[in-house]
Amino acid sequence: MSETQARPKKLVELNDLQLSFNPGKSNEVKAIDHVSFDIYEGEVFGLVGESGSGKTTIGRTILKLYEPTGGEIKFNHEDVTNLKGKALSEFRKDAQMIFQDPQASLNGRMKVRDIIAEGLDINHLVKSKKERHDKVQELLKLVGLNEDHVTRYPHEFSGGQRQRIGIARALAVDPKFIIADEPISALDVSIQAQVVNLMKELQHRHSLTYLFIAHDLSMVKYISDRIGVMHWGKLLEIGTADAVYNHPLHPYTKSLLSAIPVPDPEVEMQRQHIEYDASIETDGQAREMIEVNPGHFVLATPQEAKQYANDQK
Amino acid sequence: MAANTNDFVIVGAQNSEANEHISKPALSFWQDAWRRLKLNKLAVISLWFLVLILGFAILSTIFVPQSKANAFDSNQVGTYKNLPPKSGLPIPGWDGQIKEPGATEKTDVYTTQNVPSKDKFLLGTDTIGRSLGLRIVVGLRISLLVAVAATFIDLIIGVSYGVFSGWKGGWIDTVLQRIIEVVSSIPNLIIVTMLGLLLGNGIFSIILAIAMTGWINMARQVRNMTLSLKERDYVLAAKSLGESSTKVALKHLIPNMAGTIIVQVMMTIPTAIMFEAVLSAINLGVKPPTSSLGSLISDAQNMLQFYPYQILLPSFVLVLISLAFILLGDGLRDAFDPRASED
Ligand SMILES: Nc1ncnc2c1ncn2[C@@H]1O[C@H](COP(=O)(O)OP(=O)(O)OP(=O)(O)O)[C@@H](O)[C@H]1O
Ligand SMILES: [Mg+2]
Chain D
1 MSETQARPKK LVELNDLQLS FNPGKSNEVK AIDHVSFDIY EGEVFGLVGE
51 SGSGKTTIGR TILKLYEPTG GEIKFNHEDV TNLKGKALSE FRKDAQMIFQ
101 DPQASLNGRM KVRDIIAEGL DINHLVKSKK ERHDKVQELL KLVGLNEDHV
151 TRYPHEFSGG QRQRIGIARA LAVDPKFIIA DEPISALDVS IQAQVVNLMK
201 ELQHRHSLTY LFIAHDLSMV KYISDRIGVM HWGKLLEIGT ADAVYNHPLH
251 PYTKSLLSAI PVPDPEVEMQ RQHIEYDASI ETDGQAREMI EVNPGHFVLA
301 TPQEAKQYAN DQK
Chain B
1001 MAANTNDFVI VGAQNSEANE HISKPALSFW QDAWRRLKLN KLAVISLWFL
1051 VLILGFAILS TIFVPQSKAN AFDSNQVGTY KNLPPKSGLP IPGWDGQIKE
1101 PGATEKTDVY TTQNVPSKDK FLLGTDTIGR SLGLRIVVGL RISLLVAVAA
1151 TFIDLIIGVS YGVFSGWKGG WIDTVLQRII EVVSSIPNLI IVTMLGLLLG
1201 NGIFSIILAI AMTGWINMAR QVRNMTLSLK ERDYVLAAKS LGESSTKVAL
1251 KHLIPNMAGT IIVQVMMTIP TAIMFEAVLS AINLGVKPPT SSLGSLISDA
1301 QNMLQFYPYQ ILLPSFVLVL ISLAFILLGD GLRDAFDPRA SED
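Which chain is which? The protein sequence lines are D and B, in order. In terms of the working numbering, the first sequence opens at residue 1 and continues consecutively. In terms of the working numbering, the second sequence opens at residue 1001 and continues consecutively.
Simulated from the structure, these hints should not be mistaken for laboratory data. Not one of these hints is a red herring.
Here are the computed lysine-lysine pairs in the DSS-like style, where the Cα-Cα straight-line distance is at most 25 Å:
(1) K74/D to K93/D
(2) K1230/B to K30/D
(3) K84/D to K1247/B
(4) K1247/B to K129/D
(5) K10/D to K86/D
(6) K84/D to K1168/B
(7) K313/D to K221/D
(8) K135/D to K1247/B
(9) K1247/B to K93/D
(10) K1247/B to K127/D
(11) K10/D to K84/D
(12) K176/D to K74/D
(13) K93/D to K129/D
(14) K9/D to K176/D
(15) K1230/B to K84/D
(16) K234/D to K254/D
(17) K1168/B to K25/D
(18) K141/D to K176/D
(19) K200/D to K9/D
(20) K86/D to K127/D
(21) K221/D to K9/D
(22) K10/D to K74/D
(23) K86/D to K176/D
(24) K254/D to K313/D
(25) K221/D to K234/D
(26) K141/D to K200/D
(27) K1230/B to K25/D
(28) K1230/B to K93/D
(29) K1247/B to K86/D
(30) K1230/B to K1247/B
(31) K1168/B to K86/D
(32) K176/D to K93/D
(33) K30/D to K1168/B
(34) K141/D to K127/D
(35) K1068/B to K1081/B
(36) K1247/B to K130/D
(37) K1168/B to K93/D
(38) K1230/B to K86/D
The task is simple: from the sequences and hints, build the whole structure.
In structure tokens form, the structure reads like this:
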């Protein structure tokens, strides 16, 4: 790498990760198709792509909720691909998840107090009832919920409040790394910003690292340091948020960007959606991640890479 | 009239903060469920009814031993047989009078059969002069025993088999489901007959037969629920927090299928009681002279036209218990679902 400035430490490393659902059957889905990328400590890595591109699957595989069919996952320089038992639960204390659908991610039969304290109980992080109570109150305050809410059930909350409960649950075990799987896509636009700001604030306060999954590039750009673009289980492009957003290389990224509406009627009138021709993924040629600009990679053949570089000028 | 705005005070809702502070008392899950159950009058009545009946059945083992309900004096069958219910009060239908077969007028059977005046049978007697009341009490005991056994088997074998099979998935699930199919393809009657041959007829082989087959529906339903629930985000969240499989099952899976489980149990209980009744009716059930509600009903069948009370009374008890279980089940299902609460 042509980097002069030392990069921060790698927290999560994916090497050639693969996962197929129903392998060997007629309905086999290659949900993750040879994906490699790193997430640096303290950064927000945005992962975008259309519905069904495998973003959720990647997130869940990192947390070992799914078993990868191949490749390797490293966390804090340690291989976690085959962790089991105690080592696995130690790892899971460091890596947590915020879910796409706040309604579905909370058990409707449990009170908010018990939902938030679940991680505390499992990992024996509190000694007494009093300590448990105090910790729950502290977490509620942290995510901006009222302390009296502990005795309520999830269905008695609004969507944004539920997502805050989910965030509090994840924070209870004091993780280093949080996978946020479209944490705002199920929320009202007016609350989306609140939740994103809360997440940003928490990131600073607790020095967290995020994998932020979304299918809306504009929101990801706002929160992320670097962005990865996915399509059909493959990672097509990685770069800094600015590079991907303002100088996209891959035609798919360009197509994604052209789909974002612009809040200016005159510009919006001119906006033309660029159709994406997926045949460049399926022609069977060998492609790999090529660094076109420093820190900006694209999945391409050497010729295509040159072409992409030329197109930019 | 000039309204003075100062006279008006906004009650409540002064600010949204105050609204948010309205909190509920901290009740545990069970206290909460109990509070919701109490909202359902029918369920509460059923619950009390079943508690009373159960208490009565347990106490009755002291006062009504089986030998007493079975005993009859073969020399006095003519005196005591087929006596109608008599309360000692002039209540029509409960005064010891009945229309004898073929007669047009009601007769006081107690006088025509020269029953000593100190003897009266609240629920009448059967064809050989045994007190129907005592026999129903014994029958009730046996039916409740079958019901309780069926419930336990359903809950313990059915639920754990279903959760295990669904949670493990893969080839374990496939094997376990094939086993269920094999077991369920053997007709119940064959199992009971075989057990009857091995162990002799009786309550024990009935319970064993229920144990061998009664959990299958529960296991199937629970497995299906588990398959769908285990993909829920809150289960994944619990897993990612490091929860063990057993705890996930107890905290997340089973509470969320409590409704299904309860409905299934409440269907199993009447089925089991009826199963016992049917078996007794075809002489595969309890051995005479022991009575069960089923054997009482089947014994009285031939006499339906002449002595209807002999079949109506045990049937009434059977229906009442089954109904109480069903109504209670309905209430419990709602009580375990916080979303169903009306407040
Ligand atoms: N449990 C599963 N069994 C089989 N196929 C699955 C399963 N889960 C996901 N898939 C498939 O894997 C692919 C990737 O799904 P994934 O949920 O990761 O998409 P996503 O990028 O998160 O989409 P969205 O933006 O809609 O959440 C899809 O084609 C999906 O149909
Ligand atoms: Mg998803």
